[in-house]
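**Q** What follows is the residue order along each chain.
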Amino acid sequence: MELEKHEYDVVVVGAGGAGLRAAIEAHDSGARTAVVCKSLLGKAHTVMAEGGIAAAMANLYPEDNWRVHFRDTMRGGKMLNHWRMAQLHAQEAPDRVRELEDWGALFDRTPDGLISQRDFGGHRYARLAHVGDRTGLELIRTLQQRTVALGIDVYMECTVTRLLTDEDGIIGAFGYWRESGRFVAWQAPSVVLATGGIGKSYKVTSNSWEYTGDGHSLALQAGATLVNMEFVQFHPTGMVWPPSVRGILVTESVRGDGGILKNSAGNRFMFDYIPDFFRKETAETEAEADRWYDDKKNNRRPPELLPRDEVARAINSEVKAGRGTPHGGVYLDIASRRSPEYIRKRLPSMYHQFRELAEVDITAEPMEVGPTCHYVMGGVEVDPDTEAARVPGLYAAGEVAGGMHGSNRLGGNSLSDLLVFGRRAGQAAAEHAHGCAGRIELPDDALAEAGRAALAPFEREGGENPYTVQHDLQQTMHDLVGIIRTAPEMELALERIAALKERVANLSVEGHRQYNPGWHLALDLPHMLIVSECIARAALEREESRGGHTRDDFPGPDPGWGKTNLICSSASDGGVAIGHQPLPQMPAELAEIFEETPS
Amino acid sequence: MTYDAAFRVWRGDAEGGDLRDFTVAVNEGEVVLDVIHRLQATQAGDLAVRWNCKAGKCGSCSAEINGRPRLMCMTRMSTFGEDETVTVTPLRAFPVIRDLVTDVSFNYEKAAQIPAFTPRSREKDGNHRMQQIDVERSQEFRKCIECFLCQDTCHVIRDHEENKASFAGPRFLIRLAELDMHPLDVVDRRDAAQEEFGLGFCNVTKCCSEVCPEGIHLTDNGIIPLKERVVDRKFDPLTWLGAKIGRRPRD
Amino acid sequence: MTATASRGTGPVTPGPGGGPAPRRAAIAARTLRKDRWWLQPLLTVLALLLFIVYSTFRAFQNAHYFAEPYISPFFSPCLTTACEGDTFPKLFTGPDWISPALYILIFPLGFRLTCYYYRKAYYRSFWLSPPACAVAEPHGRYTGETRFPLIFQNVHRYFFYAGLVFNAILTYDAVLAFRDEGGAWGHMGLGTLVLLANAALLWLYSLSCHSCRHIVGGRLNNFSRHPLRYRFWTVVSRLNANHMKFAWASLFSVAFADFYVFMVATDTISDLRFF
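Protein chains in written order, with this note's numbering: chain A, 60 to 658; chain B, 8 to 258; chain C, 587 to 861.
Quick caveat, the hints were computed from the structure, so don't treat them as lab data. Nothing here was measured: the structure is a model prediction, and the numbers come from that model. Mixed in with the good hints, there may be bad ones.
[To be verified] With a Cα cut of at most 25 angstroms, we get these calculated SDA-like pairs of lysine to any residue: (1) A:K355 with A:S175; (2) B:K241 with C:F738; (3) C:K620 with B:K241; (4) B:K150 with C:T820; (5) C:K706 with B:I140; (6) B:K150 with C:K620; (7) A:K379 with A:D392; (8) B:K150 with B:I140; (9) B:K150 with A:R414.
[Unchecked claim] From the derived model, a few chain B residues whose C-beta atoms are all more than 10 angstroms from chain C: (10) W17; (11) P76; (12) P122; (13) D166; (14) M188; (15) D198; (16) G205; (17) G207; (18) C209; (19) P232; (20) R236; (21) D243; (22) W247.
Where is the CB? At the ideal position from N, CA and C, for every residue including glycine.
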């Protein structure tokens with residue numbers, strides 16, 4: 060078999076925010092580092108992040124500090140977060156943002172010349188460092204340019220299909236160049252997974268084709284475990300019309316900057332959906348909510364800025380109750396509340412996106428929005444300080460890692476998550492590689508087997524079209540494991556997933572190996588299926604509603620489940636096994652923070 | 008609202024290829040990329056196309072539609088008549104890999120040659136202080152999504168392959184402008200802009216500004232100001248003299 | 587190193603101008619654009635040719651450029667004795683057979699020739715480099731403004747300074763036009779308006795120039811430390827967005843002002859006097 064081989068200390072899979080930050084740190088720690096990514100450098104899904112990077116820098120509100128951020132994050136995640144990750148995240152995020160400036164990032168400024176911060180759902184103070192509504196682009200470009208300046212090797216348009224292990228852990232990775240279809244293997248004692256999420260298993264999603272859950276699946280197959288997979292975040296505001304753009308994200312900044320949600324009757328319905336958990340800190344009247352934008356001390360936040368799970372469920376209920384818009388969403392209105400100049404200045408890419416794709420002028424008309432699959436809270440179970448998975452040499456950071464966000468992620472916490480844990484993963488991976496003296500040759504039989512498996516779809520004739528199978532999977536997950544879940548539907552979903560697995564084993568693709576999207580999809584589908592199975596099984600198991608997991612048959616939270624994590628691992632039959640695991644115990648000095656009344 | 012559209016799509020690779028005709032259904036509100044995906048799912052499973060976000064934010068799906076460089080995800084089908092044939096070809100300034108996918112590595116090579124951002128040191132409290140008006144000019148160029156449509160349309164390299172060695176293209180000229188205007192950066196890139204990155208090749212014919220999907224004013228706000236900064240350094244004896252005798256410090 | 591897949595296919599050899607290089611997509615057509623991309627360059631050629639023909643004719647005609655109290659902008663400042671009366675002090679007496687317009691027009695023509703907008707206009711329309719976006723240019727080689735003579739485009743700012751002097755002179759001419767034929771102040775005619783409008787458009791054209799934008803503040807990197815220059819820069823930037831419009835409007839107004847004086851000087855029309 061013709062095979063290109065490379066040798067590194069650390070191989071980072073994925074070139075989004077977490078991957079690049081990990082690579083930079085590994086490089087700075089003296090490791091020979093490579094980044095492998097499915098797209099061109101700089102195209103990763105991080106560019107889609109709009110709102111900002113949450114960090115308690117206290118540039119606008121001196122009252123803000125890491126303890127408030129920690130508290131917001133834990134409460135947003137309904138206390139299911141790994142406390143240590145939430146703590147590290149809140150403590151380190153400000154430094155991670157400041158160092159971006161040393162690498163060329165240009166954030167919007169406060170009148171004092173500091174980094175400006177904006178309001179977002181679930182955050183007590185204006186906390187999101189931002190650049191208009193294109194913060195993700197700024198983040199990825201900054202890290203990309205830093206990566207290039209440091210001379211780190213980047214393998215672009217290259218997909219990893221296997222992690223290679225021996226009894227002591229990771230020894231490398233195997234993949235193919237998308238462009239030529241040729242195989243390539245990296246020998247490395249440390250691999251950092253930074254592959255992002257799983258959204259492409261859903262029909263309506265804000266995620267791109269890359270989000271096929273490969274990192275989750277690779278980790279599982281290598282012997283690592285996944286945590287919290289039942290928690291999938293549906294962003295409350297995705298576009299709903301026209302059909303071809305359904306699911307594309309409408310940033311939360313629209314609400315942070317004054318936008319409100321209305322149903323078809325013109326009512327500001329979020330006031331009817333304030334849960335007891337957040338009642339103390341949420342405005343009761345429209346007048347109070349409107350005053351809050353200018354005076355945060357004496358007023359409470361508008362209910363539009365509740366955490367995303369609450370808002371998504373509320374929109375879902377309004378539409379189901381027949382108070383939706385003609386295209387099955389609700390209205391998001393900023394036109395009647397802010398001046399056109401303000402809107403164009405603060406939300407330029409939203410203005411552009413609606414004008415170009417939906418022929419809607421958001422400075423004059425309300426937008427139609429509805430929930431869209433956005434983020435998976437669950438992911439590879441890692442050590443909070445080193446991001447090490449259960450397999451020695453394997454690390455995970457960013458969306459592919461689990462635990463940090465509990466049952467629901469706050470907006471803005473994902474970009475800071477990428478930076479904080481990307482850096483920690485890169486550091487730990489470099490250290491691990493440093494401790495691995497003698498190199499282990501990649502075994503020929505494992506490489507040959509990986510190659511055979513990748514080429515299998517070409518061998519079969521007259522099998523099924525991968526696009527059809529993908530479509531059926533997306534429909535199944537959308538209909539049966541969506542925002543609102545019930546046991547019978549999820550059981551049906553598992554049956555269908557089992558049937559889809561058989562169909563995937565019988566896929567065939569036309570054409571040859573050179574840049575063949577049909578073949579690429581055929582190789583991504585097994586990942587999507589195994590991740591979908593994890594989600595469905597974990598969701599069926601958790602008999603309560605919490606954060607991004609809502610059960611129609613178990614509508615409330617359950618204190619017992621509030622102390623339990625569900626862990627997915629690979630079963631001996633190739634399927635998914637589910638286990639219960641107690642939530643790590645928060646130390647008393649952190650638990651105190653929740654006793655404090657918010658100032 | 009559904010109709011059958013006539014599409015002509017270039018299929019082939021570096022060895023050769025041609026425009027193939029397809030008839031494909033189009034629904035209300037769709038963009039060209041939707042139609043290409045429908046072709047892929049129903050008629051040509053191996054049709055190669057590069058894309059990611061489908062919302063005009065990542066700059067992956069660049070192609071030429073009816074001869075004009077555009078993002079496929081931001082070109083609405085409603086801009087064409089129902090009886091109009093829509094021709095989709097790969098970017099013509101770059102080597103083709105397959106079908107609509109081209110080899111854009113030229114851009115990554117140029118990016119790597121640009122002298123890196125080098126900041127002044129932080130203030131005592133660990134912050135950098137800049138006013139909004141100081142950062143806005145460079146922010147405009149940082150909106151760039153690297154779709155490389157400007158590189159594709161620029162005649163300097165589109166029509167003259169041999170210039171690729173000595174000309175970085177509009178995308179990287181505005182990158183140089185961004186760094187030169189950056190309030191924190193301390194490196195002078197003006198000589199490099201002229202000598203290594205071929206600023207003088209640009210004849211300000213503005214096609215880059217015309218095709219930019221982000222609406223960046225590449226020529227007026229980036230390339231021309233950079234040319235003027237180079238004039239300060241290389242062609243204007245007065246500013247040269249001023250700088251020599253210390254009357255005109257670069258702030 | 588930012589690597590893509592290694593390629594076994596042949597090297598990229600420089601293509602002849604216009605033709606695709608090997609490894610590029612094999613598309614024979616020079617452009618696949620279906621719109622009337624040739625219209626814009628055609629109109630530009632026609633308009634500029636018209637101006638060149640007219641101004642050349644007038645410059646060499648060397649007559650009918652003065653009709654008290656108006657002087658044609660082509661011949662101002664008046665360098666010869668031909669401007670009877672006291673419009674302008676006599677500055678220079680050259681040989682009569684050289685039209686004074688030839689000394690004068692070098693500067694405004696140089697300003698326009700090196701102007702960033704006109705460069706775009708004539709490179710596209712006269713030199714077809716390129717005729718329109720994504721339409722192949724017909725040249726085998728291209729070096730842009732990297733060498734002689736086009737490297738001299740970089741002196742634009744000196745023509746800008748000279749242009750300012752001429753703007754001042756033409757403004758002075760417009761002020762002098764508030765007199766009657768006998769030289770008494772406080773009068774005005776249609777010609778006064780023509781000269782005023784021309785002077786105003788020329789100021790707008792000059793001040794909206796890219797070099798001006800650079801000089802007033804564009805070269806600074808920290809605007810917040812120079813609030814006044816930032817203000818200037820903001821104003822000039824706003825004007826600069828309309829530089830093309832001012833370029834055409836002032837070109838037209840200069841020719842029209844000259845034409846008006848010509849008509850009055852030849853008694854083809856008589857100036858409409860307001861008061």
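**Q** Would you mind marking each hint as holding or not holding in the structure?
**A** A quick look at each hint next to the structure:
1. A:K355 with A:S175: Holds - the C-alpha atoms of A:S175 and A:K355 are around 16 angstroms apart, at most 25 angstroms.
2. B:K241 with C:F738: 12 angstroms, holds
3. C:K620 with B:K241: 43 angstroms, violated
4. B:K150 with C:T820: Between B:K150 and C:T820 the Cα gap is close to 21 angstroms, so the pair holds against 25 angstroms.
5. C:K706 with B:I140: Status violated; Cα separation ~29 angstroms.
6. B:K150 with C:K620: 30 angstroms, violated
7. A:K379 with A:D392: This hinted pair holds, its Cα atoms lying about 20 angstroms apart.
8. B:K150 with B:I140: Roughly 16 angstroms between the alpha carbons, so the hint for B:K150 and B:I140 holds.
9. B:K150 with A:R414: Judged against 25 angstroms, a Cα distance of about 18 angstroms means the pair holds.
10. W17: 6 angstroms, violated
11. P76: At about 6 angstroms from chain C, B:P76 fails to clear the 10 angstroms cut-off, so the statement is violated.
12. P122: Label holds. Min Cβ-Cβ 16 angstroms, cutoff 10 angstroms.
13. D166: About 5 angstroms separates B:D166 from the closest Cβ of chain C, which leaves it inside 10 angstroms; violated.
14. M188: Non-interface label on B:M188 violated, nearest chain C Cβ at 6 angstroms vs cutoff 10 angstroms.
15. D198: Non-interface label stands for B:D198: nearest chain C Cβ at 14 angstroms, farther than 10 angstroms.
16. G205: 7 angstroms, violated
17. G207: 4 angstroms, violated
18. C209: 6 angstroms, violated
19. P232: 5 angstroms, violated
20. R236: 6 angstroms, violated
21. D243: Since the minimum Cβ distance to chain C is about 7 angstroms, B:D243 lies within 10 angstroms and the statement is violated.
22. W247: Correct as stated: the minimum Cβ-Cβ distance to chain C is 13 angstroms, above 10 angstroms.
Comparing the model with each earlier hint shows violations of hints 3, 5, 6, 10, 11, 13, 14, 16, 17, 18, 19, 20, 21; every other hint is respected.
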